[in-house]
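Order-wise, the sequence lines are chains C and L. Sequential numbering of the first sequence, starting at 626, is according to my numbering. Sequential numbering of the second sequence, starting at 3, is according to my numbering.
Be a bit skeptical, because a hint or two may be false.
FRET-style restraints, in silico, Cβ to Cβ [to be verified]:
hint: 1; chain 1: L; residue 1: T207; chain 2: C; residue 2: T938; range: 54 to 62 Å
hint: 2; chain 1: C; residue 1: W756; chain 2: L; residue 2: Q79; range: 51 to 59 Å
hint: 3; chain 1: C; residue 1: S1004; chain 2: L; residue 2: S257; range: 49 to 57 Å
hint: 4; chain 1: L; residue 1: H216; chain 2: C; residue 2: T938; range: 25 to 33 Å
hint: 5; chain 1: C; residue 1: W756; chain 2: L; residue 2: E93; range: 55 to 63 Å
hint: 6; chain 1: C; residue 1: N850; chain 2: L; residue 2: Q202; range: 51 to 59 Å
hint: 7; chain 1: C; residue 1: T938; chain 2: L; residue 2: D177; range: 49 to 57 Å
hint: 8; chain 1: L; residue 1: E140; chain 2: C; residue 2: A992; range: 35 to 43 Å
hint: 9; chain 1: L; residue 1: H216; chain 2: C; residue 2: R915; range: 27 to 35 Å
hint: 10; chain 1: L; residue 1: Q79; chain 2: C; residue 2: P847; range: 30 to 38 Å
hint: 11; chain 1: L; residue 1: Q94; chain 2: C; residue 2: R837; range: 22 to 30 Å
hint: 12; chain 1: L; residue 1: Q79; chain 2: C; residue 2: R837; range: 17 to 25 Å
hint: 13; chain 1: C; residue 1: P847; chain 2: L; residue 2: E93; range: 31 to 39 Å
hint: 14; chain 1: L; residue 1: Q143; chain 2: C; residue 2: A1000; range: 22 to 30 Å
Just some of the chain C residues that point at chain L, by a computed CB distance under 8 Å [said to hold, decoys possible]:
hint: 15; residue: P763
hint: 16; residue: F766
hint: 17; residue: S897
hint: 18; residue: I901
hint: 19; residue: Q902
hint: 20; residue: L905
hint: 21; residue: R907
hint: 22; residue: R915
hint: 23; residue: K919
hint: 24; residue: R921
hint: 25; residue: P923
hint: 26; residue: E964
hint: 27; residue: W1001
Straight-line distance between alpha carbons at most 20 Å, and here's what the computed DMTMM-like set of lysine to aspartate or glutamate pairs gives [stated by the list, open to error]:
hint: 28; chain 1: C; residue 1: K919; chain 2: L; residue 2: E125
hint: 29; chain 1: L; residue 1: K98; chain 2: C; residue 2: D904
hint: 30; chain 1: L; residue 1: K175; chain 2: L; residue 2: E88
hint: 31; chain 1: L; residue 1: K175; chain 2: L; residue 2: D243
hint: 32; chain 1: L; residue 1: K175; chain 2: C; residue 2: D904
hint: 33; chain 1: C; residue 1: K919; chain 2: C; residue 2: D904
hint: 34; chain 1: C; residue 1: K919; chain 2: L; residue 2: E117
hint: 35; chain 1: L; residue 1: K98; chain 2: L; residue 2: E46
hint: 36; chain 1: C; residue 1: K934; chain 2: C; residue 2: E995
hint: 37; chain 1: L; residue 1: K175; chain 2: L; residue 2: E117
hint: 38; chain 1: L; residue 1: K98; chain 2: L; residue 2: D177
hint: 39; chain 1: L; residue 1: K272; chain 2: L; residue 2: D243
Please keep in mind that the hints were generated in silico from the structure rather than gathered at the bench. Yeah, the Cβ is synthetic: ideal placement off N, Cα and C, and Gly gets one too.
For reference, the chains in residue letters:
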Amino acid sequence: MSRETTTNTHTTSLRTAVDWGLVAVALPTLAALTQPIGARGGETLGWFGGSLAPLFLIGAVLTVLAGRTAPTRIKGAWTELSGIVLAWLLPLHLLDEGVDLSAGAGVWLFLVAAILQLWRVLGALSARPGWTRSVLVPGLFGLGLLIAWEILVRGFQVPAILLPAPSRIAGALVQHAPVLWDDFRQTVLISVLRGYLMGCGAGFAVAILADRVPFLARGLLPLGNLASAIPVVGIAPIMVMWFGFDWQSKAAVIVVMTFFPMLVNTLAGLSSAERIQLDLMRSYAAGYGRTLVKLRLPNALPFLFNGLKINSTLALIGAIVAEFFGTPVVGMGFRISTEVARMNLDVVWASITVAALTGSGLYGGLALLERATTAWHPSMRRR
Amino acid sequence: MHSPSPSRTSGATGQPAPAPIVQARSLSLVYPTADNRPVTALSEVDLTIARGDFVSLIGPSGCGKTTLLRVIADLEQPTGGSITVEGLTPEQARLKRLYGYVFQAPALYPWRTVERNVMLPLEIMGIPRAERQARAREELQRVGLSGFERKFPWQLSGGMQQRASIARALALKPDLLLMDEPFGALDEITRDHLNLHLTQLWRSTGKTCVFVTHSIAEAVFLSTRIVVMSPRPGRILDVIDCDLPRERTLDIRESPEFAAIAHRVRDGLKEGHSYDD
Chain C
626 MSRETTTNTH TTSLRTAVDW GLVAVALPTL AALTQPIGAR GGETLGWFGG SLAPLFLIGA
686 VLTVLAGRTA PTRIKGAWTE LSGIVLAWLL PLHLLDEGVD LSAGAGVWLF LVAAILQLWR
746 VLGALSARPG WTRSVLVPGL FGLGLLIAWE ILVRGFQVPA ILLPAPSRIA GALVQHAPVL
806 WDDFRQTVLI SVLRGYLMGC GAGFAVAILA DRVPFLARGL LPLGNLASAI PVVGIAPIMV
866 MWFGFDWQSK AAVIVVMTFF PMLVNTLAGL SSAERIQLDL MRSYAAGYGR TLVKLRLPNA
926 LPFLFNGLKI NSTLALIGAI VAEFFGTPVV GMGFRISTEV ARMNLDVVWA SITVAALTGS
986 GLYGGLALLE RATTAWHPSM RRR
Chain L
3 MHSPSPSRTS GATGQPAPAP IVQARSLSLV YPTADNRPVT ALSEVDLTIA RGDFVSLIGP
63 SGCGKTTLLR VIADLEQPTG GSITVEGLTP EQARLKRLYG YVFQAPALYP WRTVERNVML
123 PLEIMGIPRA ERQARAREEL QRVGLSGFER KFPWQLSGGM QQRASIARAL ALKPDLLLMD
183 EPFGALDEIT RDHLNLHLTQ LWRSTGKTCV FVTHSIAEAV FLSTRIVVMS PRPGRILDVI
243 DCDLPRERTL DIRESPEFAA IAHRVRDGLK EGHSYDD
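Make a model of the complete structure from these sequences and hints.
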């Protein structure tokens, strides 16, 4: 609390000076007032041409004024945020009214001002540690991008076949949920999970073996470089011929893609133990196994997680691409390839969304697990 | 040239001398190098360390003092001569876990709490959990780290980390404690404090300590005997008895006796250097 008060006196004294950030917000707003906000029925529409636009404008200005007189900077930021939401809602409202925004320079200038204001608010919010900084700020940032996408696509009437608006993708997600769930189960829960476990498990096991048998490491590492250069599109049809249409061929592609990253990372991790730590184990008359379990593996954890994280995205890409070359009539890759052919781009985008969310989910889950198990590592330490 | 007197067991006490804890006879260690100019790390080293002694190995960098300690610990293999530890080969002694080793750096595992670090050797020995914990607590208390059991090493200061590593070596309950410049990386104030602590610990436990250092004051303050070594090739120049009273405080460093011994050590070190100049 005391910290908040001190920052406050500081900012209050600053606020008596000219706030150039606010000037930067005010200028495009004033410029926007001189421009039309769109066209309806072939006629240009001004700010005060009979729409609800002035209400949005006044509301946004009021929140800026309220934000600057708020008792703390953070409370001010929240107030200003509501003004930004209002500014973003204006083009959506106009679109619903049937206004053509592509001729409305006023709205776009107004949105530029809103973006600048969002910049200021995010700057203020990211000064606050904890959930505000780590979750809320990136969340607002992403939401801002999505809304900008929505407004631009709809405002300039981009054909949905080129780029659908996020709302349309969301609609497709809901509408095709059962199909997408089946695809998800086939691709992620069956192929990716099994292939990932097999590839990472084999990479890990062979690394342990290669650590014991040095020539194996010397022989395998150059092969790892070769394997990482193999194009998936080359290996996938071969695997489909070898292992058939079902998950086995997808798992095989994933094993080829994930085996070497895991091997290389595990080997690097195993050799990262310091001499002095190894000497310590030797002075305790600890054998190979004990040294491995008590020292080298825990020490290798950051490397292992590195491999696991890289592989989580590789596995998903591998499975989806492999499904292009033959699959039972289900799966995310199959869905994308067939719906593209049928010009059903909404479903394609919905599939892409599921894949992207799955990939970041896997990666994020592993990152959380990593944080929980390697909190001791210098890169993770929080005293 | 001094001829180092390897043993002081021939004292006029009349008592039969107890078996030495470490005995080296014309020990040598030559490292092969890539450019075919082998490095002689140890040359013809004769040394006897009696039970209960605090022996410091002192000398400039490269004189083989750390190598000698590592040979005792079976972390390096000599290329000539013989050495016994508790009457066994160093390897047998290591496998029987007869010594505790304190390294230059604390070498605590960052993923283990301080207590679990001290318990590590006991885990490897297969000692039951309850006893492990009791012994770890006891040793941490001995080095003044009670209350820090649940902390992680990186949450402790450098001096505290090195104390924890001493507790870890003590947890094995060895008769022989090998220490390789354990306080070398610490500031002088912390170092004084830990030296005082160490000398009290040595007096109260009756262990034999072999202590590598390059600080004359530290060697004289801690030791009952000081082994002066010289580089190229690594050899023993002199073994100086340090017959200050066993109970020592930091004030002893102001006494004329202390100054006299320090002077002898310095002379010995100078003699070694005249070779190079």
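Okay, the hints, checked on the actual structure:
| no. | hint | result |
| --- | --- | --- |
| 1 | L/T207 / C/T938: 54 to 62 Å | holds, 56 Å |
| 2 | C/W756 / L/Q79: 51 to 59 Å | holds, 58 Å |
| 3 | C/S1004 / L/S257: 49 to 57 Å | holds, 51 Å |
| 4 | L/H216 / C/T938: 25 to 33 Å | violated, 52 Å |
| 5 | C/W756 / L/E93: 55 to 63 Å | holds, 57 Å |
| 6 | C/N850 / L/Q202: 51 to 59 Å | holds, 58 Å |
| 7 | C/T938 / L/D177: 49 to 57 Å | holds, 56 Å |
| 8 | L/E140 / C/A992: 35 to 43 Å | holds, 40 Å |
| 9 | L/H216 / C/R915: 27 to 35 Å | holds, 34 Å |
| 10 | L/Q79 / C/P847: 30 to 38 Å | holds, 34 Å |
| 11 | L/Q94 / C/R837: 22 to 30 Å | holds, 25 Å |
| 12 | L/Q79 / C/R837: 17 to 25 Å | holds, 22 Å |
| 13 | C/P847 / L/E93: 31 to 39 Å | holds, 37 Å |
| 14 | L/Q143 / C/A1000: 22 to 30 Å | holds, 27 Å |
| 15 | P763 | violated, 29 Å |
| 16 | F766 | violated, 33 Å |
| 17 | S897 | violated, 13 Å |
| 18 | I901 | holds, 5 Å |
| 19 | Q902 | holds, 5 Å |
| 20 | L905 | holds, 5 Å |
| 21 | R907 | holds, 6 Å |
| 22 | R915 | holds, 6 Å |
| 23 | K919 | holds, 7 Å |
| 24 | R921 | violated, 11 Å |
| 25 | P923 | holds, 5 Å |
| 26 | E964 | violated, 48 Å |
| 27 | W1001 | holds, 4 Å |
| 28 | C/K919 / L/E125 | holds, 10 Å |
| 29 | L/K98 / C/D904 | holds, 16 Å |
| 30 | L/K175 / L/E88 | holds, 15 Å |
| 31 | L/K175 / L/D243 | violated, 27 Å |
| 32 | L/K175 / C/D904 | holds, 19 Å |
| 33 | C/K919 / C/D904 | holds, 13 Å |
| 34 | C/K919 / L/E117 | holds, 15 Å |
| 35 | L/K98 / L/E46 | violated, 27 Å |
| 36 | C/K934 / C/E995 | holds, 10 Å |
| 37 | L/K175 / L/E117 | holds, 16 Å |
| 38 | L/K98 / L/D177 | holds, 12 Å |
| 39 | L/K272 / L/D243 | holds, 18 Å |
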